[in-house]
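Asks: Protein sequences appear in the order of chains A and B. Residue numbering for the first sequence follows the UniProt record's numbering, beginning at 1 and increasing consecutively. Residue numbering for the second sequence follows the UniProt record's numbering, beginning at 1 and increasing consecutively.
Heads up, a few of these hints could be off.
[What the hints assert, rightly or not] Result set (DSS-like, lysine-lysine): computed pairs, CA atoms no more than 30 angstroms apart in a straight line:
| # | chain 1 | residue 1 | chain 2 | residue 2 |
| --- | --- | --- | --- | --- |
| 1 | B | Lys-301 | A | Lys-244 |
| 2 | B | Lys-390 | A | Lys-301 |
| 3 | B | Lys-203 | A | Lys-133 |
| 4 | B | Lys-203 | A | Lys-244 |
| 5 | A | Lys-390 | B | Lys-203 |
[As the list claims (entries may be wrong)] Here chain A is said to cover these stretches of chain B; the calculated rule only asks that three of the stretch's residues, wherever they fall, bring their Cβ under 8 angstroms from a Cβ of chain A:
| # | segment |
| --- | --- |
| 6 | 179-185 |
| 7 | 194-206 |
| 8 | 210-224 |
| 9 | 230-239 |
Everything labelled a hint here was simulated from the structure, so no lab data went into it. Don't be surprised by glycine CBs; every beta carbon is placed ideally from N, CA and C.
Number of protein chains: 2
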Amino acid sequence: MKYSSKGLIFSLFISLIFTFDSYAQQQRPNIIVFLVDDMGWQDTSVPFWTETTPLNKRYHTPNMERLAKEGMKFTNAYATPVCTPSRISMLTGMNAAHHKVTNWTSPQNNVSSDNDDEQFLPAKWNYSGLSPKADVPNTIYATPFPQLLKDAGYFTIHVGKAHWASIGTVGASPYNLGFMVNIGGHAAGHPQSYLAQDFYGNKPGKNTLQSVPDLEEYYGTETFLTEALTLEALKTLEAPIRNKQPFYLNMAHYAIHSPIQADERFYQKYIDAGLPPVEAKYASLIEGMDKSLGDIMDYLKAEKAEQNTVIIFMSDNGGLSLVPPRAGIAHTQNLPLKAGKGSVNEGGIREPMIVKWPGVVKPSAVASQYVIIEDFFPTILEMAGLKSYKTQQETDGRSFVPVLKNAGFKDDQRALYWHTPNKWVPQDGPGINYKSAIRQGDWKLIYNMRDGSTELYNLKDDIGEQKNQTDAHPEKVRALATKLGIQLKAWDAPMPLVKQSGKAVAMPGQAGN
Amino acid sequence: MKYSSKGLIFSLFISLIFTFDSYAQQQRPNIIVFLVDDMGWQDTSVPFWTETTPLNKRYHTPNMERLAKEGMKFTNAYATPVCTPSRISMLTGMNAAHHKVTNWTSPQNNVSSDNDDEQFLPAKWNYSGLSPKADVPNTIYATPFPQLLKDAGYFTIHVGKAHWASIGTVGASPYNLGFMVNIGGHAAGHPQSYLAQDFYGNKPGKNTLQSVPDLEEYYGTETFLTEALTLEALKTLEAPIRNKQPFYLNMAHYAIHSPIQADERFYQKYIDAGLPPVEAKYASLIEGMDKSLGDIMDYLKAEKAEQNTVIIFMSDNGGLSLVPPRAGIAHTQNLPLKAGKGSVNEGGIREPMIVKWPGVVKPSAVASQYVIIEDFFPTILEMAGLKSYKTQQETDGRSFVPVLKNAGFKDDQRALYWHTPNKWVPQDGPGINYKSAIRQGDWKLIYNMRDGSTELYNLKDDIGEQKNQTDAHPEKVRALATKLGIQLKAWDAPMPLVKQSGKAVAMPGQAGN
Chain A
1 MKYSSKGLIF SLFISLIFTF DSYAQQQRPN IIVFLVDDMG WQDTSVPFWT
51 ETTPLNKRYH TPNMERLAKE GMKFTNAYAT PVCTPSRISM LTGMNAAHHK
101 VTNWTSPQNN VSSDNDDEQF LPAKWNYSGL SPKADVPNTI YATPFPQLLK
151 DAGYFTIHVG KAHWASIGTV GASPYNLGFM VNIGGHAAGH PQSYLAQDFY
201 GNKPGKNTLQ SVPDLEEYYG TETFLTEALT LEALKTLEAP IRNKQPFYLN
251 MAHYAIHSPI QADERFYQKY IDAGLPPVEA KYASLIEGMD KSLGDIMDYL
301 KAEKAEQNTV IIFMSDNGGL SLVPPRAGIA HTQNLPLKAG KGSVNEGGIR
351 EPMIVKWPGV VKPSAVASQY VIIEDFFPTI LEMAGLKSYK TQQETDGRSF
401 VPVLKNAGFK DDQRALYWHT PNKWVPQDGP GINYKSAIRQ GDWKLIYNMR
451 DGSTELYNLK DDIGEQKNQT DAHPEKVRAL ATKLGIQLKA WDAPMPLVKQ
501 SGKAVAMPGQ AGN
Chain B
1 MKYSSKGLIF SLFISLIFTF DSYAQQQRPN IIVFLVDDMG WQDTSVPFWT
51 ETTPLNKRYH TPNMERLAKE GMKFTNAYAT PVCTPSRISM LTGMNAAHHK
101 VTNWTSPQNN VSSDNDDEQF LPAKWNYSGL SPKADVPNTI YATPFPQLLK
151 DAGYFTIHVG KAHWASIGTV GASPYNLGFM VNIGGHAAGH PQSYLAQDFY
201 GNKPGKNTLQ SVPDLEEYYG TETFLTEALT LEALKTLEAP IRNKQPFYLN
251 MAHYAIHSPI QADERFYQKY IDAGLPPVEA KYASLIEGMD KSLGDIMDYL
301 KAEKAEQNTV IIFMSDNGGL SLVPPRAGIA HTQNLPLKAG KGSVNEGGIR
351 EPMIVKWPGV VKPSAVASQY VIIEDFFPTI LEMAGLKSYK TQQETDGRSF
401 VPVLKNAGFK DDQRALYWHT PNKWVPQDGP GINYKSAIRQ GDWKLIYNMR
451 DGSTELYNLK DDIGEQKNQT DAHPEKVRAL ATKLGIQLKA WDAPMPLVKQ
501 SGKAVAMPGQ AGN
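Next comes chain A alone, as it looks inside the complex:
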């Protein structure tokens, strides 16, 4: 719109349009996705299960409690078993089996992070990650939602872990994924160090691809990475709030991913509580992250932006349950859930999710409708008022705005899918390596690519996936396996190749299974 050299009447007319347009624009909410890395469903004092667990008592997350009080807790929220697939599903609205980035991307270009296997040759997955441009080898070419928000006038900010694509590819830079600001995000999936004393991994001669960029002002101070990223994020909000430009902030903490280092601000109290050092460090990473959430909430309040800002709290996969580095018995770190990061069992995929949306979501609401990480794409665009937009990809996610508006919303016909045709770690574990899964209603089926076997669980009574009902409900197994197979086929999901035959592993529900 231009106003130059027009008469007053025309100007008045235009100004009316402009005013209402401005009004509409100003009403568009700010949106913050507060994405934690590797945080388990129970790594919080907020109880997400029907009862308060020992883990809920162990961890202190007062700001998550505050957020849950002001918003809606999702007790059945899902991501994928590892980080890059979740992050790409979120940005593209595609299921991981569809975008084919089914494992974490190596920061190095054209290097698959898959481990070698005796039985299988690797599946053809997109191991270089997400690309906003065509014809980049081993990437999914798709339109990320921050680009759509940016095009619609949002001020789009990424702070923290990116990990959407490998170095040497266009997706390595958040600036190519629709973000107007990037602080600290690049091709790596974890920090070399959380410590400013270590220059976050940038000490001369000591760098790796995990050295965190952009934070030189803190070098040599005692500023923990989580705190530094928070301070940086708050700085970026100043201008859009003052300019009344709606913003999208992707606040993507490196915490609580390994290396499990002590956040000294909180470490001692967990030692005093009797935790072994590594678990005290883990707990300190959680509480440091929680403080960041509180600082952001406080800032919004102080800046009078609280009432017009959506906050979506989420984790990208389950809590790490490998021992070491964790203490205790492997795969018990997310109890009552089975296993952890890397697994299609609940411990690997169920997430602590909370959404605050003043004026829309009722305080202290609890939703049991299952949702999944690719749902963020249409939800966020709907929140921002984008009704029609063009994307390179066909999206799979569904907006959960109806759930936000009605905590009782129920759809138990929808099916959710997980797909890991990869060898994430050298040793298989519960739900770990070469597994697919489907959930519909309370039923969940896991498909094991190694031998075509299945596990069937009813999550309503058996959230811990302890009672395999495959033999008791063959018709349910058949139905879910067929549905899973049809969907994976429709997405042309990558499958590993059997070394002996050179052929792809059969999809679930196919003849032979």
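Once you have looked at the hints, place chain B on chain A.
Replies: Structure of chain B alone, referenced to chain A:
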């Protein structure tokens, strides 16, 4: 302004105000400072002297020629002898003797870059650089103009070399200096490498404090640093242009600072022209930088932002004249000017400056009025329409908008000042180490701190500073030395200490000189 739940009439009234306000806002020009590092006055095919020199014939800068055709060439534009002082003078509007960052800042905190000297102990200068916050040791606490632009609604972007302060201090981050976006800028003053094949210095285990951040998408490609920064800069302009938000872009190339590496896109032609390899590399760095300027001009034209965008081309100090790394005879690389980077002689401080301001500056204009780098501060704020603003510092620069509006503008009473109470390199050279200088009209006086001696030149007839007129014009020497001394005293300019006496070197024009 808020528009919610108001009646139509009030809304109309408000909308009128808002419209005119918007109109005014949209008229505010975009401003680009295209700042080259270490580029000499003659490192271009644009003749800045009264005649075309052999150096003008050597270098190819077609886009600078184009810019000069569309704007105003300043034949008497000055910076300081080295980079950080210039960059801080530009951002703060203060003379270097006043802000006391009189030498380049080490990327390491609390480390002076001064060399040891037999005669002198170091002056107390602000060797940690610029700080936007109080009480940071060894820094100048000042308000940078990008902060004022940001506060006034500009979208402020920094791309490339920052070098305003040391690691571990708040000024190390452009995000603290009023920039809303920073790509590639940090505490270092040069790149470890211009080559994407070297990851711009970020190869694992090979990093230094000069490793360039933020450019992982180019790693392993053939994208020269100059090109990568240009591509990044253009991306940042997309949103503000579409949103009609005025922007300030600080396009601060690392080129043409050492390491003198070949920009392969242009290298061979200079070899073919018979230049020795190092000089062919140097020329290729220049032409690569010039291509960047052209790409930005092309982009603005394509985006229809050309007519509302000011471009200010500038260098931060004179061309390097040390041999090695340069070829030939030392201190002849900026002929007809004497010496080069580090010197208060013209070769160290006179810069190729061009300003394009459509609708204000006449095409192919030439201004001979002398201006200096601290003048950028008030000039840019005036261009942006900022009439009153608060700064922490008292500023010294003068707006050159009157010159832009009238190429014939003349003020030969104003005095310009340079002050280097530092030992920049281990060996003194012409105008290098422990020198101050003043220019008023055509007269220039250089004060040598080592022995209190002076050199007097008349630049009108003696641009090469070959004919010392100290003996011929004692009254001019006395007047200029006094003026210089009074000003340095008023600024409390740092002076080196004489080892023997422990006392500060006398200011020029004082008893004893």
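Asks: Which of the listed hints are broken here?
Replies: Numbers 4, 5 - these are the hints that the structure violates, sorted from lowest upward.
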